[in-house]
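Novice: Each chain, letter by letter, is given below.
4 protein chains.
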Amino acid sequence: MFKVGIVGDGYTAAELLRLLAGHDELEPVCILSTDNVGKRIDDIYPQLTGFSSLTCEESKIENIIGRCDAVFLALPHGLSVTMAMELLPAGIKCVDLGADFRLKDAALYEKYYEKVHEAPEMLKEAVYGLPELYREQVKKTDLVANPGCFPTSAILPLAPLLGAGIVEPAGIVIDSKSGVTGAGRTAKASNHFCEVNEGIKAYGVGTHRHGPEIAQELSFAAGSQVEMIFTPHLVPMNRGILTTTYARLCSGAKAEQVREVLEGKYGKEDFIRVLPDGRIPHTKWVYGSNLVDIGIYADDASGRVVLISAIDNLTKGASGQAIQNLNLMLGIAEDKGLKFPGVHP
Amino acid sequence: MFKVGIVGDGYTAAELLRLLAGHDELEPVCILSTDNVGKRIDDIYPQLTGFSSLTCEESKIENIIGRCDAVFLALPHGLSVTMAMELLPAGIKCVDLGADFRLKDAALYEKYYEKVHEAPEMLKEAVYGLPELYREQVKKTDLVANPGCFPTSAILPLAPLLGAGIVEPAGIVIDSKSGVTGAGRTAKASNHFCEVNEGIKAYGVGTHRHGPEIAQELSFAAGSQVEMIFTPHLVPMNRGILTTTYARLCSGAKAEQVREVLEGKYGKEDFIRVLPDGRIPHTKWVYGSNLVDIGIYADDASGRVVLISAIDNLTKGASGQAIQNLNLMLGIAEDKGLKFPGVHP
Amino acid sequence: MFKVGIVGDGYTAAELLRLLAGHDELEPVCILSTDNVGKRIDDIYPQLTGFSSLTCEESKIENIIGRCDAVFLALPHGLSVTMAMELLPAGIKCVDLGADFRLKDAALYEKYYEKVHEAPEMLKEAVYGLPELYREQVKKTDLVANPGCFPTSAILPLAPLLGAGIVEPAGIVIDSKSGVTGAGRTAKASNHFCEVNEGIKAYGVGTHRHGPEIAQELSFAAGSQVEMIFTPHLVPMNRGILTTTYARLCSGAKAEQVREVLEGKYGKEDFIRVLPDGRIPHTKWVYGSNLVDIGIYADDASGRVVLISAIDNLTKGASGQAIQNLNLMLGIAEDKGLKFPGVHP
Amino acid sequence: MFKVGIVGDGYTAAELLRLLAGHDELEPVCILSTDNVGKRIDDIYPQLTGFSSLTCEESKIENIIGRCDAVFLALPHGLSVTMAMELLPAGIKCVDLGADFRLKDAALYEKYYEKVHEAPEMLKEAVYGLPELYREQVKKTDLVANPGCFPTSAILPLAPLLGAGIVEPAGIVIDSKSGVTGAGRTAKASNHFCEVNEGIKAYGVGTHRHGPEIAQELSFAAGSQVEMIFTPHLVPMNRGILTTTYARLCSGAKAEQVREVLEGKYGKEDFIRVLPDGRIPHTKWVYGSNLVDIGIYADDASGRVVLISAIDNLTKGASGQAIQNLNLMLGIAEDKGLKFPGVHP
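Chains as they are written, first to last, in our numbering: chain G, 1 to 345; chain F, 1 to 345; chain P, 1 to 345; chain B, 1 to 345.
There could be a bad hint or two in this list.
Since the list can't tell identical chains apart, any single copy or any two copies may satisfy a pair.
[As the list claims (entries may be wrong)] DSSO-like, lysine-lysine: derived pairs with alpha carbons at most 30 angstroms apart:
| hint | residue 1 | residue 2 |
| --- | --- | --- |
| 1 | K39 | K188 |
| 2 | K139 | K104 |
| 3 | K336 | K188 |
| 4 | K139 | K188 |
Calculated directly from the structure, the hints in this document are not laboratory data.
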């Protein structure tokens, strides 16, 4: 039994506790907070009543060191770096659910997050925690940058195709649709029920922070700079991301290769289901689960490839993937605590 | 490992398979269907892909006998009786998720379900499967009538108070609000998305079939005929029932006794959470779980008691409770496969 | 063409502007704000682009006097009194959409709104603006207290029955279900999309401020103090209130009289539709309209009466009714600008 | 006052009646049906109670001729042709809300609608009813092919840019998100509330019938065959389409020209609002209205253009546009009966 801490008390923290309630090798021993110190976590999240009796403690290093083998940093960007700088030397493994270690280029981080990175040398060390792409690196590292929710949904279907040279690394369009939990728990006009319900909008057009993160990973996969555009949309639902990706077959590539490459790459993965021809993902099929569903449309005549991927943004897009990473880092079975289907209907 | 069959392929069958995917002592070995014979269940319910590879078989006794230790009958009313009549003598335990064995009075069954009961003598034998009220009987029976979803939510908070003589057995108002899965999977005008979304309605006012079921159990609890009215409402959500029950303190009873009685009765139950003063249930807190949340308002001045209870209609209101019952019938730990919190947010 | 001002910039203000866009005898000439002074109203509410080009002005009397014939006060409680005290002497008619003039008893106001009423003598003067009950008084007054949304839905079906002595003035249960716009535009944890969506809860059990308002009007109708309980619920939808009212036939009264009384009272009303037997209101049928739908269930055997009423809380429950009142006060046709059906589906 | 008939009783028929209730120069005198002959329309659509007392009549020509000046054909594809063939010679103007006259190429119609067109010679005669593009032709014709909902949202923002040679006619991606009313009123598994709510999916990937319709009109605008792909998605909401269109600036074109062209083209239109920089459409802003909102993102560095357009699929995407067309055909003011803002929140 490993002891783990959670730093932060937002939706991803609540999701960690939900998932850890069914994990018999990770025991959450503390939760750290800024706003809710002294409050029981099940008073903040009554759904956890009977499953976690932790009380929020002050967000400082001393509340972790000596008590935890590993921590989940579930913090707004900019706050994980200093924490990780102290935790790692103390031998505590870190999974950062925030954005601080995702971009390898500190200048890009500064541009998109409007903040100078405090420890750019750590960016090399951190492993981008997509186990399906970086499993061996995750196993060996003490610092995982848990991917963003949109990037998880966008990178998984596309990276193997770019890597195999099947689709062109230019002209890619990534159109994502997300539930509202992705915007976090803080009450804002933009997540007021009445401003979201019974409507849909795009946001962050051309400027969303997950754009460079996706581009980085797709470029790594392609072995060259990828040209792409990413647009997120807000859908009136709590959970789920559906990403529709438009790409083109490379000259000489065949539509059928798309399926071959994806099934070859992911056929034995626990959490990725490449759906059969004609089946198109619905986010509800992965609701509350750590699964990724990928649907494929590819057409030789037009050379068009459309990939549709579905995840639960709080699970595979955040807390589930974080546990998957920590399982690997600690030598636990990768699917421990995560092997269950989506809640549907 | 016990082998279980599922008869029926509607939403409660899908929910059984979702829950059984996490149950290590019950193995679903067959699923029987009328409309989908020969189809894989994960083609019908793609969320189950990777978790169940069963193919629907014809709905006949021979497909069960010799293969199953127990069955879940998840059928429209009227179809379980003949099945149970053959399965029980073959030594197969039955949990009926339908309405055929819930009412003890065959005449009432005939009135509300417009069908002569084919085996009224079995009504005495069947145990009404609310484990929190009838645990010992459930353990000993081979035939459980799994309660209706509304009755589960209405009976649990009120029965102990009637039993203790704290609230009056007359003038009770039970106002329930349900998600749409309660109406089943068949496409009808009344469950068309556009007819349900962004609105609320009452239905079955004064005539709903769960009325007599609730009255029966409340009357058993009270030891006398209870006078009550029950009204269901349809809420634009998939899962969840919130039941608001209005009753009156008996002369001489004190408001504080309401909490005392309920906490005394349910304090050690795995699946019932009597919420502290001032906390009012939200159905999302029990979403996808087998939990029941009960909130209490009681006021000495007016003598009014308001009980608010929340369940997931597909889980505690149907398939979760069915597994809880079968666990008891087979001597398995009662909470096996069911011990997890709700999916929220 | 009368010139009107709007004081406040919340959802009811936006709804006033939506409705006034189709009203050819009332011209909105100014909108007053606290937080958004200098902002165009169609920047705050882009749906109004092309329909209102007003810019928010500071919330002070001088911005109204000399420019307006009448004002709508769409303010949080406690702020309308001083405004009305200055506007009325200046000959400006006031419709207060807030709670300041609804309760006739200043002590009750103080208890429920935690504020000493600054002009209790005005309470007598103000007319409770339910035109279907107080039409002649509305026509003659300069100060209308526009009813609360829940009270509008609860009083209309019940008042005539109490007035006619058909139903008992005790033991009444009023169970209301509201959309989220009723909670206003300010972002709060309780109206965060993810806390509301896909779930339902009760709130303000036993303590909601609309309770005494309903009791006041029902008691006026009955001619004696009514004993009742009111419980609101929050439904995952933007607009709409469905109120389910439980009462009992008086001894000697017949079920059929319920319909007779309601049809007699409301048969010629523009905005009330008493639905035929067996038709139960759905809030979507009145969505965006000034209509009230009333469904009736009454049963001689049990003596039970269930009334189900549906309104749009922002229209008949607030801004539509406010315009209906001002139409009457200014001698305009009562239905001017309000005669359109609900937006469904 | 012109007399109009409605053939069909689905959601677009209901929407026509809703809109015509506020139109003082068009009087609906009959509604024809297949399934509901003899039923009152306000029994089918209770929201219309008090606004239309028509009774559904049999769907045959004799029920129209001699009674109507014009008809709206709101029928499944394939059924309008024979009706129009008889109505036009009788001097009755026709607006077809179905797909029978939209495609100019009968072979394309046959391919996508799996039906030989019965009167291909009429395809030339019919005017594609996008008034903002074909106003003068609409005024002069007796037969309008009312555009599909997705095409309306996709063509309006893009056609002027293609016409002006600002964006490239190849590599266009059109990603649309629609509410569920677009799928019609017939109850199907795919529009069951529980299969749609709290999730999102793509459908008809690469094969949707609105693809060739969009391509046809964009090609007319460009003056050459456009290469594009169109993917619709189903969003858990009743009304609204948001279309996100991805294109590229032509070599030599500047990002700022996108706005210049669109504002130049649509600046004086009643129903099109080109939103200012940084404002991105939300479908709720046009809910229930005939408006089109267009948001622009264009970037010189990448050459990317993203256009976001929002309509109400039942109004501007169907019945509102049909009335707009008929207004033009009959010499009525184009905005008659349609000049109101969206219902938000």
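Novice: Please go over all the hints and tell whether each is borne out by the structure.
Specialist: Here is what the structure says about each hint:
{"no.": "1", "hint": "K39 / K188", "result": "both (23 angstroms within a copy, 19 angstroms between copies)"}
{"no.": "2", "hint": "K139 / K104", "result": "within (19 angstroms within a copy, 60 angstroms between copies)"}
{"no.": "3", "hint": "K336 / K188", "result": "neither (36 angstroms within a copy, 37 angstroms between copies)"}
{"no.": "4", "hint": "K139 / K188", "result": "neither (38 angstroms within a copy, 42 angstroms between copies)"}
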